[in-house]
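Here the protein sequences come in this chain order: A and B.
When we follow my numbering, the leftmost residue of the first sequence carries the number 1, and every step to the right adds one.
When we follow my numbering, the leftmost residue of the second sequence carries the number 1001, and every step to the right adds one.
It is possible that some hints are incorrect.
No farther apart than 27 angstroms at their CA atoms in a straight line, the calculated lysine-lysine pairs in the DSSO-like style are these [as the list claims (entries may be wrong)]:
| id | chain 1 | residue 1 | chain 2 | residue 2 |
| --- | --- | --- | --- | --- |
| 1 | B | Lys1024 | A | Lys8 |
| 2 | A | Lys224 | A | Lys213 |
| 3 | B | Lys1047 | A | Lys12 |
| 4 | A | Lys127 | A | Lys8 |
| 5 | B | Lys1253 | B | Lys1209 |
| 6 | A | Lys12 | B | Lys1195 |
| 7 | A | Lys249 | A | Lys221 |
| 8 | B | Lys1195 | A | Lys152 |
| 9 | B | Lys1253 | B | Lys1241 |
| 10 | A | Lys141 | B | Lys1047 |
| 11 | A | Lys127 | B | Lys1047 |
| 12 | A | Lys102 | B | Lys1127 |
| 13 | A | Lys8 | B | Lys1237 |
| 14 | B | Lys1127 | A | Lys52 |
| 15 | A | Lys71 | B | Lys1195 |
| 16 | B | Lys1024 | A | Lys2 |
Negatives, chain B to chain A, calculated, CB over 10 angstroms [unchecked claim]:
| id | residue |
| --- | --- |
| 17 | Ile1044 |
| 18 | Ile1066 |
| 19 | Gly1078 |
| 20 | His1086 |
| 21 | Glu1104 |
| 22 | Gly1108 |
| 23 | Pro1117 |
| 24 | Ile1124 |
| 25 | Arg1128 |
| 26 | Cys1134 |
| 27 | Asn1164 |
| 28 | Asp1167 |
| 29 | Ser1189 |
| 30 | Asp1231 |
None of these hints come from the bench; they were simulated from the model.
Keep in mind that this is a model prediction, so the values were computed, not measured.
C-beta atoms are modelled at their ideal positions from N, C-alpha and C, and glycine is treated no differently.
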Amino acid sequence: MKRINFIKLLSKSAIVIATGNLFGTVLHAATKSVSVTISHVKRYALGIQIEKCIGCGNCVLACKTENDVPKEPFYFRTWVERYLIKKNDDVVVQSIEGGAGKLSTEMEEKDILRSFFVPKLCNHCEKPPCAQVCPVGATFKTEEGIVLVDEKRCIGCSYCIQACPYGARYMHPEKHIADKCTLCFHRIKSGGIPACVEICPTQARVFGDLESKASPLIRLKRMKKIHVLKPELNTEPKVFYTDLDGEVK
Amino acid sequence: MGKIKLNINIFQNKGFKDGYVMNKFPDQIIRIAIVFAVLIGIVIAIKLFAIPPELQEQGIFRTSAIERELDHPSQFAGSEICSDCHDEEYDLKLNGYHSTLSCEVCHGAALAHTEEPDEFTPDIPNKRRLCAICHTYNLSRPTGFPQINPYAHNPLEPCITCHNPHDPVPPESPRECVACHANIARTLSVSPHVKLECTTCHATPDEHKVHPRSVRPGKPENRAFCGKCHDRGSDRKDAPKIDVSSHGQNGEKYLCWQCHYPHLPEID
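With the rest of the complex left out, here is chain A:
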């Protein structure tokens, strides 16, 4: 074969492959957009009404039961913090066994100006710092906006635990992977609600779809004053707090 012919053949085949690919990509994108318009993509999030939380710790225990979180009191996917703000503006934050333990006040009641409970969990950020730092791409965001960890991919390097500004992750002592709240992905995908929401006795936790106007969460966001944790970090958290005190970090 002459060189000129070979080059011609090469260029032709390149063109054919490129057009084929382009066509395939366009087709793929088209089918995807069609499926998006048909089934409305949900965007799950959580609301927490601080004024309703009684700090009973039932959510902490329910999460551990539902998600096989180790029972030892160092591992939590969700936990409850107790804030005690003293008259001299000192802030004491307690979380005894993640909020499920026996609470005790060692300081005098008259020294305390105000006090409340703050349940915490993964904020399922729109821009999750934990996913950005993962060197193996084990942490990812689903189309519903839920931040998950691929157990098979995670190498347990703990970068994400360092990167999370909310301290929402922990190193699983047996699996040696960074574990975190999945918003009970297995429950919500089959139409349920997360275990912590199910079990909260005062319904301080509100679960819902941000894309649906009828969801209880949208109603909460409409009726109450809403704030998120550390908005200045631009992580765009999706756990919305009502009645959040300025001292809560």
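Got chain A sorted already, so can you dock chain B onto it with the hints?
Relative to the frame of chain A, chain B by itself:
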């Protein structure tokens, strides 16, 4: 091959002098362009065919991770399903103060019970400990949330003796007595004697309501009255037992209520 001759050989390209000219670019540019085109083609081909579809889906992660997550077994059933069999308790709860509570808050995770009702029985909590988790006084709890001091509030007695957990309300003293004796009623409400009617110990003539000072209700007049529950021979199981006839330092000299306050009797 077509024999179209385009004599716009402006670059005086020797190699293509008498063949047809593909274009007006120099030879070396064309070669580089072809190499690049081929490389791009290969990259696209790898992206489309060589990478497994689960890696391509929705960015960088594997859909298998989502499937693994979905396979995770549930433990909590949710409370709607409970009403299928336990509709009486469910309806009672629905209209009471505990309407916001899911059944599994107290009875524990019970999906297994909904699948195999006979194999797995959920907890039936009847200890003080469980209620105290939410209702022990804590200054951080929201104002208005019902809280008690478990050491002063009718100690050792299981909460369910006085409060129906499916419809918890404070036991009420008769309105007609509380109207004047609210102080006693409040004290009585946390005492072991809360379940007793006022008239159990106080024989109250109807005129007492009309002439409260001149017609007075009665009080127990002998030790045997308290002994009906507290004597060693009594069948009343939950009352502390003593020997009524010989109890106390001075024998039968005093009546029980002269030392013990019956509306809030001490426990030990």
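Going through the hints against the structure:
no., hint, result
1, B:Lys1024 to A:Lys8, "holds, 16 angstroms"
2, A:Lys224 to A:Lys213, "holds, 15 angstroms"
3, B:Lys1047 to A:Lys12, "holds, 20 angstroms"
4, A:Lys127 to A:Lys8, "violated, 47 angstroms"
5, B:Lys1253 to B:Lys1209, "violated, 33 angstroms"
6, A:Lys12 to B:Lys1195, "violated, 96 angstroms"
7, A:Lys249 to A:Lys221, "holds, 21 angstroms"
8, B:Lys1195 to A:Lys152, "violated, 60 angstroms"
9, B:Lys1253 to B:Lys1241, "holds, 19 angstroms"
10, A:Lys141 to B:Lys1047, "holds, 21 angstroms"
11, A:Lys127 to B:Lys1047, "holds, 26 angstroms"
12, A:Lys102 to B:Lys1127, "holds, 17 angstroms"
13, A:Lys8 to B:Lys1237, "violated, 104 angstroms"
14, B:Lys1127 to A:Lys52, "holds, 25 angstroms"
15, A:Lys71 to B:Lys1195, "violated, 40 angstroms"
16, B:Lys1024 to A:Lys2, "holds, 21 angstroms"
17, Ile1044, "violated, 4 angstroms"
18, Ile1066, "violated, 6 angstroms"
19, Gly1078, "violated, 6 angstroms"
20, His1086, "holds, 17 angstroms"
21, Glu1104, "violated, 6 angstroms"
22, Gly1108, "violated, 8 angstroms"
23, Pro1117, "holds, 20 angstroms"
24, Ile1124, "holds, 17 angstroms"
25, Arg1128, "holds, 14 angstroms"
26, Cys1134, "violated, 4 angstroms"
27, Asn1164, "holds, 16 angstroms"
28, Asp1167, "holds, 15 angstroms"
29, Ser1189, "holds, 22 angstroms"
30, Asp1231, "holds, 39 angstroms"
When each numbered hint is compared with the structure, violations occur for hints 4, 5, 6, 8, 13, 15, 17, 18, 19, 21, 22 and 26.
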